Amino acid sequence: MKFFVPGDAAACAVGADEVAAELARLFGERGIDAPIVRNGSRGMFELEPLLEVDTKEGRVGYARISAADVPAVLDAIVAGSEHPSGVGLVDELPFLKRQTRLTFARCGITDPQSIEEYREHGGLAGLERAIAIGPADTVEEVFASGLRGRGGAGFPAGIKWRTAAAAPAAQKYIVCNADEGDSGTFADRMVMEGDPFMLIEGMAIAGLAVGATSGYVYIRSEYPHAIRAMRRAIETARQHGLLGLSLLGSAFAFDMEVRVGAGAYVCGEETSMLESLEGRRGEVRAKPPLPAHVGLFGMPTIINNVLTLAAVPFILAEGARAYADFGMGRSRGTMPIQIAGNVRNGGLFETAFGITLGELVDEIGGGTLSGRPVRAVQVGGPLGAYFPPSEFHLPFDYETFAAADGLIGHAGIVVFDDTVDMAKMARFAMQFCAAESCGKCTPCRIGSVRGLETIDRIIAGEDVEANRALVEALCETMKFGSLCALGGFTPYPVLSALRHFPEDFAKARDVETVS
Amino acid sequence: MGRRESWTAADIEEILRRHRDRKGALLPILNDVQAAFDHVPDGAVPIIAEALNLSRAEVHGVVTFYHDLKRTPHGRPVVKLCRAEACQARGVDRIAPLLEGDERIEVETVYCLGLCASGPSAMVGEEVFARLDEDSVRRLADRALDGASA
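Sequence lines, in order, name chains Y and L. Letter by letter, the first sequence follows residues 2 to 516 of this note's numbering. Letter by letter, the second sequence follows residues 5 to 154 of this note's numbering.
It should be emphasised that the hints constitute simulated quantities derived from the structure, not laboratory data. It cannot be assumed that every hint is accurate.
Simulated DEER-style distance windows between Cβ atoms [as the list claims (entries may be wrong)]: (1) Y:473 x L:75: 34 to 42 Å; (2) L:101 x Y:509: 18 to 26 Å; (3) L:101 x Y:473: 32 to 40 Å; (4) Y:28 x L:10: 51 to 59 Å; (5) L:10 x Y:279: 27 to 35 Å; (6) Y:258 x L:10: 26 to 34 Å.
A quick note: this is a predicted structure, and the numbers were derived from the prediction, not measured. Think of the CB as a built atom: it goes at the ideal place given N, C-alpha and C, for glycine as much as any other residue.
For reference, chain Y alone in the conformation it holds in the complex (with noise of 0.2 Å):
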């Protein structure tokens, strides 16, 4: 008998670390002899700390439980009997079993840092397939699935890889940004907490694809957790020959680290990272050149998110196709997309593309925490749209939500009730790209400054009709205007709450109770 606890961040956080210590404590006590194994979540945050046993039927599971209803379920797990915390075949679960999880299919299941385990479920032989085909083959196969920058720009990764591949340098760079600062994501965060090596596969490929020796993993400085896990995992893979010299026993050779960030949510913009890889402040560079020409230390860099690279061992080890045929249009293959806000069933949702807004939050999301309306949810992070119930129809597709006048983003969905304030929400975007601009391009630095005094005025009731228009002239400045997505993206959430509510803004109120 095999015991689950899962060391994910987010279980830690409502006290898995205590269950786990209170199970190691009372197998001493009754000399009872198996092992616990510290594993990925599952996603399903409303249930965690969930306590997983494998038994003849499958995995079961008792959720939400603290460290003082551990004795009383190992009694019911021995016993064979009921507990209230149980939640039956965990497999079962209709929040999991709806899902085609792709990425995530060993997260949780797995124990996250054992690379037999990885091999076991499938793991590295989306690299040994690289090794047999070569890198011009590999690059094409990545192209040919349609993968898509999973970061938020949805850019095609097989492009980027072809540019990387194409340029000539003594030395090239993998860079996997994991600075995943957007409100409402945490996929990056689960991979790394619970299936390291597979990132630590995709970025290898990447690196025999495109010719580059040495990679980066960039990691916010606020997951402590998703640093240990990584930097645990990658020694063990320098010891299994998943890193060095000689990746697995070929000719090829790839090595990584991982570099921590210091706190500035602008450093996930791409170019910016570049510049904080190398020791500056994170400004954003203009582009051209592109990184893949001019990147790393001025050498040709493939410049990914984690949930893009993660994807790419299942890309080679199953076929371009088998990854192609789901989604939607052109936005082929799942996309892991986070539930979270004031929602009753928060958690990470691997699909197809295509499902819509509406199922997500309703069905899946089991509609809000609080009981109360759904009023408006926001896509792809704090540079993203606010939509209301009337858009819950709109497919989970890039296209589809450009044309939205919102994006996927990172495919973080944060749901708010009837309770929230969307001028409130209007002025956060603009106070937050204020306190998160680089300084680099005055779009952004002095636009956010100036749209929050604006949106503060319209909350005051001063002029409200002209303070309104100066906002949507100044955000279609910011968005023409900036380097970066932060100043060009910031206008999103801004300007769907003037569009979708626009009651919240014609409600004269004190602001210092808004702010």
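Chain Y is already provided as a structure; the job is to place chain L on it using the hints.
Below, chain L alone, put in the same frame as chain Y:
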């Protein structure tokens, strides 16, 4: 937190030695200095600049760019409270005043700890806390104080 605020040039040299052969070593060095002394002392800037063949202005520019790097020690134990959208949707604005009113600690705003389906959330040192409510948020301040005296 077991950190000390006083430092010597030898301490900085030791940190520099650890990163000697790294490319783009400035941020890892500054992160280590911050972790060791709860701030990046102004006096350490010329030593780091000299070692990396940078100007003092360049190092100062980096220190003042990143939110994690501070020029003075906190003085009080820090609770990092997430104030981003998902935690706002889950009521962080209701519990924040309870923490902010506690003069024994310093409350720092962070934007997102990646616990967005379990907020409101906070971090003390490297420990994370979620599903915060009126009761647990009070215990959080005690936790920060315990950590500081340990």
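Exercise for the section: Given the range 18 to 26 Å, decide if the beta-carbon distance of residue 101 (chain L) to residue 509 (chain Y) lies inside it. Expected result: Taking Cβ atoms as reference, residue 101 (chain L) and residue 509 (chain Y) lie about 25 Å apart, which means the hint holds.
Handout entry: Supplied distance hint 51 to 59 Å, evaluated on CB atoms of residue 28 (chain Y) and residue 10 (chain L)
Key = 45 Å, violated
Practice task
State, for the Cβ atoms of residue 258 (chain Y) and residue 10 (chain L), whether the hinted interval 26 to 34 Å holds or is violated.
Solution key: 31 Å, holds
Exercise for the section: Mind checking the hinted window 27 to 35 Å against the Cβ distance between residue 10 (chain L) and residue 279 (chain Y)? Expected result: 31 Å, holds
Exercise for the section: Given the hint of 34 to 42 Å, check if residue 473 (chain Y) and residue 75 (chain L) actually sit that far apart at their C-beta atoms. Expected result: About 39 Å separates the Cβ atoms of residue 473 (chain Y) and residue 75 (chain L), which means 34 to 42 Å holds.
Exercise for the section: Just tell me: holds or violated, for the beta carbon distance of residue 101 (chain L) and residue 473 (chain Y) against 32 to 40 Å? Expected result: The hint (32 to 40 Å, Cβ to Cβ) holds, given that residue 101 (chain L) and residue 473 (chain Y) are roughly 34 Å apart.
Of the numbered hints listed earlier, the single one contradicted by the structure is hint 4.
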